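Chains A and B are the protein sequences, given in the same order.
Just so we're aligned, residue 1 is where the first sequence starts under my numbering, counting upward by one.
Just so we're aligned, residue 1 is where the second sequence starts under my numbering, counting upward by one.
It is possible that some hints are incorrect.
FRET-style restraints, in silico, Cβ to Cβ [as the list claims (entries may be wrong)]:
(1) Asn87(B) to Lys91(A): 25 to 31 Å
(2) Glu199(A) to Val202(B): 54 to 60 Å
(3) Asp112(A) to Lys321(B): 45 to 51 Å
(4) Ser99(A) to Arg97(B): 36 to 42 Å
(5) Lys91(A) to Pro353(B): 41 to 47 Å
(6) Val77(A) to Gly351(B): 49 to 55 Å
(7) Ser146(A) to Ser229(B): 37 to 43 Å
Heads up, incomplete: computed chain A residues facing chain B, CB under 8 Å, no partners named [what the hints assert, rightly or not]:
(8) Val86
(9) Ile89
(10) His104
No lab work stands behind these hints, which were simulated from the structure alone.
Being a predicted model, the structure only gives us computed values, none of them experimental.
Each residue gets a CB set at the ideal place from its N, CA and C atoms; glycine is no exception.
If you want the building blocks of each chain, they are given just below.
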Amino acid sequence: MSSASEKPVEVKPEEKPTTDSKPVVKKPEEKPTTDSKPVVKKPEEKPTTDSKPVVKKPEEKPVELPAFEKSISDKIVEKFGDKVEVAFIKKDRVGINVSRENVHDVAEFIRDGLNYDHVESVSGVDYPQEKEIAVVYHIGSYTDPSLARQILVLSTRAQREENPIPGSDATKLPTLRDIFYSVEFHEREIFEMFGVYFEGHPDNRRLLLPEDWADLPPLRKDFTIKGR
Amino acid sequence: MTTELPSDIKPTSSKILLEKPSSDWLPPGLALQKVDERIMTLNVGPQHPGSGHMRLIVQIDGDYIVACDPDPGYVHRGEEKMAEYRNYITNIPHLERPVIHDSCNILYPYVLGVEELLGIEVPERAKYVRVIAAELNRCIYIMYWLAIYGIFLGHSTMFMWPTGDRELLIDLMEKMTGARVTHSHFIPGGVRNDLPSNFEDVCLRQVNYFEKRIKEYAAVFYDNPILISRTQNTGVLSRQDAIRLGVTGSVLRASGIDFDVRKKEPYDVYDELDIQSIVMKEGDAYARSKIPWLDMLDSCNIIRQALQKMPKSGSVRVKLKPNPKGKGFDTVYKRVESGRGSLGCYIVSDGKPEPYRLKLSVPSFRNLIALPYLLKGEKLGNMPSVYWSLNYWPVEADR
């Protein structure tokens, strides 16, 4: 009994590594690369209508940018030339990077020339390695129906200091409050959370933090949560 | 530098106009200011001026408000900082805490954003389940808001009825997700669980009854002459100022601007559903309080359509790898229409399992800027109705 039962057991492991090992090894290779390989395989198996758009998409995307979004970024580049840098053009989103000297002019053009009228969100992003703090404005439009889907992502960077004294160090940006009124509370939040002082903002008080907060601005990367 | 007020908003009958507080920083309430015998400074809050903790520093001349300085931050919990220490999946339960009774809608933009970062395709049935959950949650939120609006104005019936009728939908959500308020139901790649077996029938029945029930609110609340006299023509926000201040949601639509993210930038399957974007032109507290109620009636319609069009079977989630991460540096900004307005989520990923930076752009925070303008020149007695008509939720605004 034992010898009979052992024999097939002995044979199977011998066969398995030879025959099954290849597909076993292949599968984990395919999985981490996500959808790319199964997508490539499908057209070979089914050269029908469904496979074509699946294959084409990754090839076309880098070449053909969405036309309307491209036209928005073209207008800005045409006006400002080298002063602006187009960060990305995605569906319904256009990203523009500007230096802090030009952000006020570019924002003014975005409002007057492109019909954007309000700011949805202002976010700070801390980059300690690059010694900069990015401030990102997400700008939308209520008045222009063609821009209803669009968000213009205007990003600028402020100089970052190791030992911040919020309000009295070099971490400063011009305010956009005189252009987009809706940034008032957002910029107050950025000031307390990142220590970016907005020059020309009429009301540079703290908003969310307690009045006696004496630590680093808490959303900077060097402020760490205790126990983590 | 234009620091003056928008031209349209003029105090109705106040004789004295104060300048804005000077920009020299001192803790609010402690700042030394010119003493005027006529002006009294009043601290409303931080213990519950409405619901949730926030303070309004109000200056009054007799019965009229001459200046108002909102002071939020008493329920600031650092959600955005916490998110940088947790991976994309473990972020889900704590991100819905700012608005626990609208928890599906506050998770929605985050989940959509993570799906775009990771390149996940969501099954069709999961999209419909999400829409149903989001609409039910919208109704649950608005009912809670309406209950507090009722008690703010001293209308006890309007506190009791929505609180009771809300249970219908909470029971539905419990059936669907297993939890009454904090569902944690949406995950990148779909929803956590499939619907229970007889959910469609129960949901249809309850929603039909709920719709019949909230229609009765018109007789007791919205057509009530006392409510109308207290809210009509108070806190009027003109169309032009609504655009300038960048308000959102029911506040925006009450001022005559047709902007609903579900319609303008449809996500998931909202483009296949018939959505009415309700707009009123008055811009006063009455219009702002009526639009959420009309939104609920619309939500009932959307739920019925979604139940009809939903695929009857199929997967509701994509299996994710453990600790999913993005493909290098990438950013994404997604927005949805929550119970209070457009809710955006900005995620910066650096290719690690945790987000490098996560920002919630919440409608309550965006609507807060309108409060000082609306209160200027109003009677102090109208403060609660104007404040709560802004659909403001302090815990969400502070994050």
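Now for the hints, and whether the structure bears them out:
Range check, Asn87(B) to Lys91(A): about 27 Å between beta-carbon atoms, so the 25 to 31 Å window is met. In this structure the supplied range 54 to 60 Å holds for Glu199(A) paired with Val202(B), their Cβ-Cβ distance being about 59 Å. Between Asp112(A) and Lys321(B), the C-beta spacing of about 47 Å keeps the proposed range 45 to 51 Å intact. The beta-carbon spacing between Ser99(A) and Arg97(B), approximately 38 Å, falls within the hinted interval of 36 to 42 Å.
Checked against the hint of 41 to 47 Å, the pair Lys91(A) and Pro353(B) fails, with Cβ atoms roughly 26 Å apart. A hinted range of 49 to 55 Å for the beta carbons of Val77(A) and Gly351(B) is inconsistent with their spacing of about 29 Å. For Ser146(A) and Ser229(B), the Cβ-Cβ distance of about 42 Å falls inside the hinted range of 37 to 43 Å, so the restraint holds. Because the beta carbon of Val86(A) sits about 14 Å from the nearest beta carbon in chain B, more than 8 Å, this interface hint is broken.
Hint status for Ile89(A): violated, given a least beta-carbon distance of 13 Å to chain B, over 8 Å. Restraint check, His104(A) versus chain B: the minimum CB separation of about 12 Å is more than 8 Å; hint violated.
Violation of the numbered hints given earlier is confined to hints 5, 6, 8, 9 and 10; the remaining hints are satisfied by the structure.
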